[in-house]
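Grab the two chains, each in its own frame, and use the hints to assemble them into the complex.
So the protein lines, in turn, are chains A and B.
Residue 90 in the UniProt record's numbering sits at position 90 of the first sequence; the count goes up by one each step and never skips.
Residue 31 in the UniProt record's numbering sits at position 31 of the second sequence; the count goes up by one each step and never skips.
Because the hints were derived from the structure by calculation, they are not lab data.
Heads up, a few of these hints could be off.
[Claimed, not checked] Beyond 12 angstroms from chain A on every Cβ pair, some chain B residues (computed):
1) Gly22
2) Asp68
3) Pro71
4) Thr135
5) Ala214
6) Leu263
7) Asn264
[Claimed, not checked] In silico DSSO-like links for lysine-lysine, alpha-carbon gap of 27 angstroms or less:
8) Lys254/B x Lys227/B
9) Lys227/B x Lys7/B
10) Lys158/A x Lys59/B
11) Lys163/A x Lys59/B
12) Lys88/B x Lys7/B
13) Lys18/B x Lys163/A
14) Lys18/B x Lys158/A
15) Lys88/B x Lys163/A
16) Lys158/A x Lys106/B
17) Lys245/B x Lys18/B
18) Lys163/A x Lys106/B
No residue lacks a Cβ here, since even glycine has one placed at the ideal position from N, Cα and C.
This is what each chain is made of:
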Amino acid sequence: MNQVKSRRSWSLIVGLVIISTITLVTLISLVWLPYPIDNTDGGRLSPPSWSHLLGTDKLGRDLVARLMVGARIALSVGFSAVLIAGIVGLTLGMAAGFAQRWLDESLSALLDILIAFPTLLLAMLIVAARGSSLTSAIFAIGLGMSAIIARLTRLLVKRVLAKDFITASRASGTSWPRIIVLHVLPNIWPTLIVSFALQFGLAGLAEASLSYLGLGAPPPNASWGSLLQEAQATVMTSPIAAIAPGLFLVALVIGVNLIADGLREIADPTLRRSR
Amino acid sequence: MNVLEIKNLDVTTPAGVKVVSGVSFSIAPGARLGLIGESGSGKSLTALAVIGLLSSQLKASGSVLLGDLNPQEILGAPERMLNTIRGKVASIIFQEPLTALDPLMKIGRQLAEPLRRHQGISGDALESAIIEALTEVRITNPARIAQSFPHQISGGERQRAAIAMALACQPSLLIADEPTTALDVTVQSEVLALLDSIVSERNMALLFISHDLAVVGQITDSVVVLKDGVVVESGSLQEIMADPKHPYTQDLVKNARVLDDALNIAKDGK
Numbered sequence: 001m002n003q004v005k006s007r008r009s010w011s012l013i014v015g016l017v018i019i020s021t022i023t024l025v026t027l028i029s030l031v032w033l034p035y036p037i038d039n040t041d042g043g044r045l046s047p048p049s050w051s052h053l054l055g056t057d058k059l060g061r062d063l064v065a066r067l068m069v070g071a072r073i074a075l076s077v078g079f080s081a082v083l084i085a086g087i088v089g090l091t092l093g094m095a096a097g098f099a100q101r102w103l104d105e106s107l108s109a110l111l112d113i114l115i116a117f118p119t120l121l122l123a124m125l126i127v128a129a130r131g132s133s134l135t136s137a138i139f140a141i142g143l144g145m146s147a148i149i150a151r152l153t154r155l156l157v158k159r160v161l162a163k164d165f166i167t168a169s170r171a172s173g174t175s176w177p178r179i180i181v182l183h184v185l186p187n188i189w190p191t192l193i194v195s196f197a198l199q200f201g202l203a204g205l206a207e208a209s210l211s212y213l214g215l216g217a218p219p220p221n222a223s224w225g226s227l228l229q230e231a232q233a234t235v236m237t238s239p240i241a242a243i244a245p246g247l248f249l250v251a252l253v254i255g256v257n258l259i260a261d262g263l264r265e266i267a268d269p270t271l272r273r274s275r
Numbered sequence: 001m002n003v004l005e006i007k008n009l010d011v012t013t014p015a016g017v018k019v020v021s022g023v024s025f026s027i028a029p030g031a032r033l034g035l036i037g038e039s040g041s042g043k044s045l046t047a048l049a050v051i052g053l054l055s056s057q058l059k060a061s062g063s064v065l066l067g068d069l070n071p072q073e074i075l076g077a078p079e080r081m082l083n084t085i086r087g088k089v090a091s092i093i094f095q096e097p098l099t100a101l102d103p104l105m106k107i108g109r110q111l112a113e114p115l116r117r118h119q120g121i122s123g124d125a126l127e128s129a130i131i132e133a134l135t136e137v138r139i140t141n142p143a144r145i146a147q148s149f150p151h152q153i154s155g156g157e158r159q160r161a162a163i164a165m166a167l168a169c170q171p172s173l174l175i176a177d178e179p180t181t182a183l184d185v186t187v188q189s190e191v192l193a194l195l196d197s198i199v200s201e202r203n204m205a206l207l208f209i210s211h212d213l214a215v216v217g218q219i220t221d222s223v224v225v226l227k228d229g230v231v232v233e234s235g236s237l238q239e240i241m242a243d244p245k246h247p248y249t250q251d252l253v254k255n256a257r258v259l260d261d262a263l264n265i266a267k268d269g270k
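Here chain B stands alone, though its shape is the one from the complex (with noise of 0.2 angstroms):
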């Protein structure tokens, strides 16, 4: 049984565009996939859909199953239902770590909500498991840091706190959206080591949504190209590395390459 199952996917504006056309994939238990798109094609909007968070002036269609024990439908499905779905089944990251963040709330009591929520804990208990929390993300300081709001601290601080929200209700799907593009690149690397040591440990499934095929292909193995909405390629990362059949991905997979190549010029003249 898969942990994602998206069939048919239509989203369409009232205006009565489809912003996302027919789109079909699945991702099994502890699989990895890498939904690459440039912005407008349809990306995000795919990742809400699959947790039911699409906004509600969008029409979406087709079917999308969620849950590997016991798949559900998450297309029209009552927000009771969803509220049970969400953080438990599929969690998600999202690209901007300082607006993703309630400003107004330490970091501590923003995670302590989904963790008291989902392990029914509190008081000390609860003071513990935020550390914990805090720690499994690799944060140095984790007291302080639980002590801070959000624009106290730094951008790589904070996606590891979004990450460990993320993370609080166990998921076995973690959804991430572009998590490391509004980050320096030093710090996207290490948050990037992060998710995927995370994800093995766990043995997670993770969808992981960006336009860079460079960072995709550090910490996926299988690959769905997006573009204008509709899926234009899928396979493993090898396979579309090797032999691009669409136009837009063999610009990708030209793009990346030419960026190696500039690599190693630069270090083959040192």
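Only chain A is shown next, with the shape it has when bound in the complex (with noise of 0.2 angstroms):
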């Protein structure tokens, strides 16, 4: 048991060092780049050197300042995208779980047809009503996460209200509202918690996709996957190009997967087993 503890918190860990040191570039680009972000003085397509350190872009943009401002692209994505499936989520999932009947089964159709529907398709719809924008990417991927957050709170709320300690609890006269904080939330949170983290790392996928096929952040913000798109042509001649964006966004989705089970062992003492 021991060891499996120690694990945990040795991931949570990890998580956190990844997680804190893409926050703290994101913080850095906020006050400080090496080069502009449009600056095309570097020569096309340079090698790494000391005034380059990864080498330039096709244009001869610096890439270290493109992946510094695809960091902050991220994680602006993943906290506003979240943040919008947390509200928007956990709202209609609570309201879906406590329902009478129809109102519980219309909305479940309404979050499976969400489901169903793909996640760029309706970002492409958003986007062709909206413009090409990073808020259109968030809203975008927030309504695609608001869905299988409903469905993961709706699901996780029948199943505690259906546990014994909640007709134990009513049975002692305890009143609705009270019982959804001193149990309903606390019990979902565990798992919710590890929801919100993986959708994090996900939405930073999703934007990176988006913006991959174009309908991302727009010229001159590079994301990360705008920066993978970009370097596509030229992998041959300029590999770094294409592996230092795909290692942050591998970094971001696996610091976030390490956060997300180290937070799940917090917030369930169930898993801290103390003998």
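Spelled out as structure tokens, the structure:
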């Protein structure tokens, strides 16, 4: 049991180190970049050197500066999309979980349609309606994720409500609002927090896919997805331009997964067996 | 006046099946009644109906009057009214203490909730009320148990904690729904003895639900036998043991006697 525990806290620490690094890079990018994002003085496709640590792209822009801006975009998309999904998804999911049958069934049908609808297609529709921007991408990703969070919340709420301790609590005269605060939220939280963390990483990936397709942040903003797309044509001559943003994306997803694993243990005392 | 008065209780499923039909019985203040029946006989549904906790999909009709001084109709009553009665007038202990306690909450905090609401205390007074409540159910190390999560303590300790929670609002009627079925036999008799002494100390009425005539016989003086949602027999324990009328009751009595005889033979052989 001790081994399990130490492995879990270890994963939390590694995850936190990875995500803090990305966050730190983001914060630095707000006040300092090695070169302005649209500076093309570096020469086209120059290899890594002291003046351009990771070289330049085909327009001569510094790759480090573009990666730093990419971190900023990935994090802000992750946070905003999870925030939207959290608010919309939790509200809908709780409503469906507590609702009478007809409301529950119509909400569930709506969620199923939203989940079956590909996020990319949804994003294209939103971009077509609102124009290509970071906000459109966040909106599309957040909406797609809301349905997933809502369905999970509904399931978790239903499962908790069926438990004896809810009946026991009602039998002792506890009111519904108090039961939600005391029993329902704490019991669905360990699973939800993991899902939020995973969705955070997935939002970063989804934004990269949208940007790769040209549906995300418009140029000169450099999301990791658009960096990958731009590097595609020159991947043989300058592989680092594709490898670096790819590694950052992988690090982001692995980082939040490790944190999710660690958080789960903190939120759920039954996983902390003391004897 | 009776503390509980059930008249012609019917419970119907959405499919139209009557799972409880025409059940009537009453309990006087301080009296003890055993409700016996096999699983699916409707005894747990009757218990839930008493406290107004039937699922909204089940339809209940008839009358359930709860409370001796100021009897209130439970069936069809609004949730707000029910919340003032639950815990104070009647309280319930469930079969499986592991699932009847919130796994993510320390025992002390769970116990604090009804104590705080009922007695309006907080801080140190609440802390000592928690310890006192755990001591009353004969938990040997109340301070440690209060700081433990349900999965960290034994089954017997859990059921004692659940009993403490049910007693927290000082109900005049205690409903025990198979409270010892999920426990080891030795722990079972300890918990039965505990219930027995607390119910007499507090002069509470007791509705004891079980499938086991032998267990019911240890703690109650009169019995209602339920089969397929219908009361097939009722009366004092002696009457029913001596002269069971219904075939199902005869079966119950016969099986209890067989066990008894087996024990006697084992004792004599020794």
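Consistency of the hints with the structure:
For Gly22/B, the condition that its CB be more than 12 angstroms from all CB atoms of chain A holds, with the nearest at approximately 25 angstroms. At the 12 angstroms boundary, the C-beta of Asp68/B stays outside the reach of chain A, the nearest C-beta of that chain being 18 angstroms off. For Pro71/B, the non-interface assignment is confirmed: its Cβ lies about 18 angstroms from the closest Cβ of chain A, beyond the 12 angstroms cut-off. No beta-carbon of chain A comes within 12 angstroms of the beta-carbon of Thr135/B; the shortest separation is about 20 angstroms.
Non-interface call for Ala214/B relative to chain A: holds, since the shortest CB-CB distance, roughly 25 angstroms, exceeds 12 angstroms. Every Cβ of chain A is farther than 12 angstroms from the Cβ of Leu263/B; the closest lies at roughly 33 angstroms, confirming the non-interface assignment. In this structure Asn264/B is separated from chain A by more than 12 angstroms, as the shortest Cβ-Cβ distance comes to about 38 angstroms. Only pairs whose Cα atoms come within 27 angstroms are accepted, and Lys254/B paired with Lys227/B is accepted, the gap being roughly 17 angstroms.
Distance check on the hinted pair: Lys227/B and Lys7/B sit about 17 angstroms apart at the alpha-carbon level, within 27 angstroms; holds. Restraint check: the Cα-Cα separation between Lys158/A and Lys59/B comes to about 21 angstroms, which is no more than 27 angstroms; the hinted pair holds. Taken as a hint, the Lys163/A and Lys59/B pair is honoured in the structure, with Cα atoms around 21 angstroms apart against an allowance of 27 angstroms. Proposed proximity of Lys88/B and Lys7/B is supported: the alpha carbons are some 22 angstroms apart, at most 27 angstroms.
Proximity of Lys18/B to Lys163/A is assessed by CA-CA distance (about 25 angstroms); at most 27 angstroms being required, the pair is judged to hold. Note on Lys18/B and Lys158/A: the hinted pairing holds, with a Cα-Cα distance of about 26 angstroms set against a maximum of 27 angstroms. Annotation: proposed proximity of Lys88/B to Lys163/A holds, straight-line Cα distance about 22 angstroms (limit 27 angstroms). Of the pairs offered as hints, the one joining Lys158/A and Lys106/B holds, with about 23 angstroms between alpha carbons and a cut-off of 27 angstroms not exceeded.
The hinted pair formed by Lys245/B and Lys18/B meets the criterion: a straight-line CA distance of about 24 angstroms does not exceed 27 angstroms. The straight-line distance between the Cα atoms of Lys163/A and Lys106/B is roughly 17 angstroms, inside the 27 angstroms bound, and the hint therefore holds.
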